[in-house]
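Two independent chains are provided; combine them into the complex using the hints.
These protein sequences, in sequence, are chains E and L. Using full-length UniProt numbering, read the first sequence as starting at 1 and increasing by one per residue. Using full-length UniProt numbering, read the second sequence as starting at 1 and increasing by one per residue.
Any given hint could turn out to be false.
[What the hints assert, rightly or not] Some, not all, of what chain E presents toward chain L, calculated at C-beta under 10 Å: (1) Ala35; (2) Ala82; (3) Ile136.
These are calculated hints, taken from the structure and not from any lab test. No experiment lies behind these values; they were computed from the predicted model shown. Yeah, the Cβ is synthetic: ideal placement off N, Cα and C, and Gly gets one too.
Letter by letter, the chains look like this.
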Amino acid sequence: MTTPVRTRGGGPATRRAASRRSSGEGPFRFASTGAGVVLLGVMAAIAVFLISEAIPALQANKGNFFTELIWEPNGSQVFGIAALAFGTVLSSALALVIATPIAVGVALFISHYAPRRLAGPLGYLVDLLAAVPSVIYGLWGLVFLVPFLKTPSVWLNEHLGWFPLFGGEGVIGGKTMLAGAIVLAIMILPIIAAISREVFLQAPKINEEAALALGATRWEMIRMAVLPFGRPGVISAAMLGLGRAMGETIAVALIFPATFDLSFQILTPHANSIAANIANGFGEATPIGRGALIASGLVLFVITLLVNMGARMVIARRKEYARAAA
Amino acid sequence: MSAIQRISTGRRIKDRVVQGLVYLAFALAVVPLISVLWLVIQNGLARFDLEFLTHSMRGIGARDAGGGAYHAIIGTLEQVLLASVIAVPIGVLTAIYLVEYGTGGRLSRTISFFVDVMTGVPSIVAGLFIFAFWILFLGIPFSGFAGALALSILMMPTVVRSAEEMLRLVPNDLREASYALGVPKWRTILKVVLPTALTGIITGVMLAIARVAGETAPLLLTVFFTDSINNDPFNGPQMGLPLYVFDQAARPNDTAIDRAWAGALTLILIVMLLNLVARLIAWWRSPSRAR
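Just chain L, same shape as in the assembly (with noise of 0.2 Å):
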């Protein structure tokens, strides 16, 4: 018998049922992802042509094959721009207060704990709040722009979250050295924290772009649809990609349904793209990898 005690066949079995669970439990969330990709490309290519992204739906009946999304893809465009215009600055604006100004006042503490719970809002609880303020409430009719209010709203959290962490990576010495140069806080903040953190933060705002850009229920009450082209994201219903497949697939029909896979392939395509983006900027500018 040798010196060291061999582990019983009981406890070494019950360690490998766990391995083996646990192996399996990351098989099983997988091939949910394989599944979509897999279903999404192959049902996708077979309406992914020319037509489909150069041509609307208007003059297209229910049951017609032909047609395309080209005003959802404008659409989802033009939201998707200016939810960003307003969402990025409030965010990375809040993100410096919480970082440089209010660290740790009560106001601060308050903000940063919101800025958690609002992460948490539904998006059709977003899109509820537009639809009762801006519409019924301030009487604007449906409009792109209404549903980039939404889209907003969704985003300022999630941007906020990402440019506080880089903010905080940013080494104390760079703003001390600063001082001691004579600059000012705000010039400081302006021309060495933002700019050290600003890979990062662009990161985080693709992340976040990705995230709004699929989201379809606020669009739902805000937007709402339409076949015709329009460019004017701030006069009458325009339509979004998510609200395209969404709309094509409640339609019980297989040119319908042809439709809504190619659309989901195009809106796949254009949040896997941003998010491969913003993949290689922060891998590119990380720390790791010496340069």
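Next comes chain E alone, as it looks inside the complex (with noise of 0.2 Å):
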């Protein structure tokens, strides 16, 4: 397509010959340019829009909006964003150590160990995961995870009570950081398990062939082949499962307590989250409330768009991972 062809219906040789012989060239050239543009202003536009109506909602704020652990928009107008988005990354951080090691486990399993009539199906079955949509999982948590996290929550409790995450007095078990912290997990598990399968079976194979001629047990080649070649692409793809664990609503918005402070105790009923508070909040907000409520997205939006645009650069780096990116 390099060379210029002389055609008569002008075909990709010269805009001139295209122009005369075919009006619709520059208009459907336009349009889908256009529709590229069009996802370039919206992104901009969710940047501006939500500052633009945070802004009012700040300036009303009679606490430190990045210190104040209160939200209160509606009545004493003081407000912050620390507890929220401490639970949020506590929330996130924990279902991310759930789900990456469990998901490097499937990817393995689809990728190397499976048999290779079944690998496709099971690997759909995994996938199935992603497609149940949030508010099940939401349902599915509160009605059947919390009471049965009960138990082993008292249990660890009294065991493990001197670790700092398994501590706290009185209520044990319920709505607590650890239910939504496991659901967060099963939710993101699927994405980190596909982009991480995608990784491991571009693996080069001359190499794991290698490691096989020279002895090496199974375990031993993927430690020596697989796992190396692997790392970036698995570190990027729990990127990507933070981001979504941080944005995700409706499933820890049903489960979380909804309290405002600082606790490293998931077992005992406090969590919240920066979405949950959101979805929670939102129905009953002044419209001071619903600023404040905008100006927690941008904070979301901002930290979801940071880890992101991380995670898509270290895949972009690789060539090898361009299929797996998407």
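Now the structure itself:
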């Protein structure tokens, strides 16, 4: 296609020929370029309108937006993001810690352990986890997981209470940070597993065969030939999962008890997140309250944007991963 | 002693242990899926009847039995349809730009990068944006259409990515053959490239629809709640099926929880059906299937 060819109808040959013979070329090209620009415009507009609608509320704020724990934009007009941002970070970090090892195991299972014929359907089964709407995970967490976790939570608190995360007095179990984090982990597992799987499948076959020929066991082969190749891919997959966990709303809005404090005790009912607070607080918010929620949404947008851009840059740097990025 | 040394016991055990862990990881991943589906089907069937599918919640108190999700089903179908009408043309055209026109230029690299970033925009932020722009800034009241706008933002990047992948699979020979016959580029795209990639694009679009059909957070901020049937997505608050499940689940009594499960069953049937049809289309047209 690089050499200019003379064609009667225009083709890709010369601009002039094209514009003379086919009036549709210009508009069509314009439309498709325009659609791409619209996408960029939407991203810019998200930032612009969130900022512009947040400013009045931030100006009315009587506390420090970044350090205040209280969230009372409707009443005393003192509100801060600290407790909510803390909850968002802690819950998604916990979810990541739970989900990543399992997802890597699932990816290895599909790519290197499962029988060739079964690998496709079994992989589809894991992908189905991603198809379940988040509100259904919320309902499942509320009705099934929260009561289910009661006994293990009490046991952990009694026997491993010295460990800061499992400590705490009083009500143990119920709507806790742990329940929310487990639901988040289930929701981000398929995306981490899917990307890791693609990356593991692209590990150079020749290295794997060389390792096996030298007498390595299957695990040794994976450790020497597959994991080093796949590590950056798994890291960026985990970061994409982190971004998704941070933005996840409805499931945690149903499970988190909506408290406003900083607590590492994941077995006690102290949990909230930016997204859950928006969903729970939106209904009865005053104009200032809505502005405050938009401001918190802006913080969430910036955090997830940074996490996602980081992940995408890791993927984009490695040409081999091009296929896995989708 | 044989010529080839046997693998030492320690290494063999380690290999077996890892294998066990990998199988365990897979089992752990599948357990929640089975648990969720089982509970949704078991609990959902209690109220999944004709009354549920044909009645709204109008005049039904929080503790009353009965009522249904007809208004929510109508709302979801209309909102998702409108969202597709907005997102699919923009998404497919962007993919055409990325594959056919902007090959490697700065604009196309920027767009490509931000499409990736856009897939990570939290759904609640999309809802907040439409709320801030459409409802606060332009002053238009809550409506199904505002919800559709928020959903379309979530759909666009998924549609772009899948359409782009499908367009790249179209062999260059086809394009060149068309050019050689004197067909201009835009007609080549419309008459040769798009029809070739069409089934793949439809699959991607249906998966994107299935994804947004279950979104609750953006609807919460844009269509608001209603217990009545509203067939007009451009006027007045509507309901959506995921919103209905959220609303009922947050009410602390058993009749409402039963309705929430039945709504969840309806929602999961719609989403899974869309998924299945999409995969079937993909499988039916896949090159590995000899035809």
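Going through the hints against the structure:
{"no.": "1", "hint": "Ala35", "in the structure": "holds (4 Å)"}
{"no.": "2", "hint": "Ala82", "in the structure": "violated (19 Å)"}
{"no.": "3", "hint": "Ile136", "in the structure": "holds (5 Å)"}
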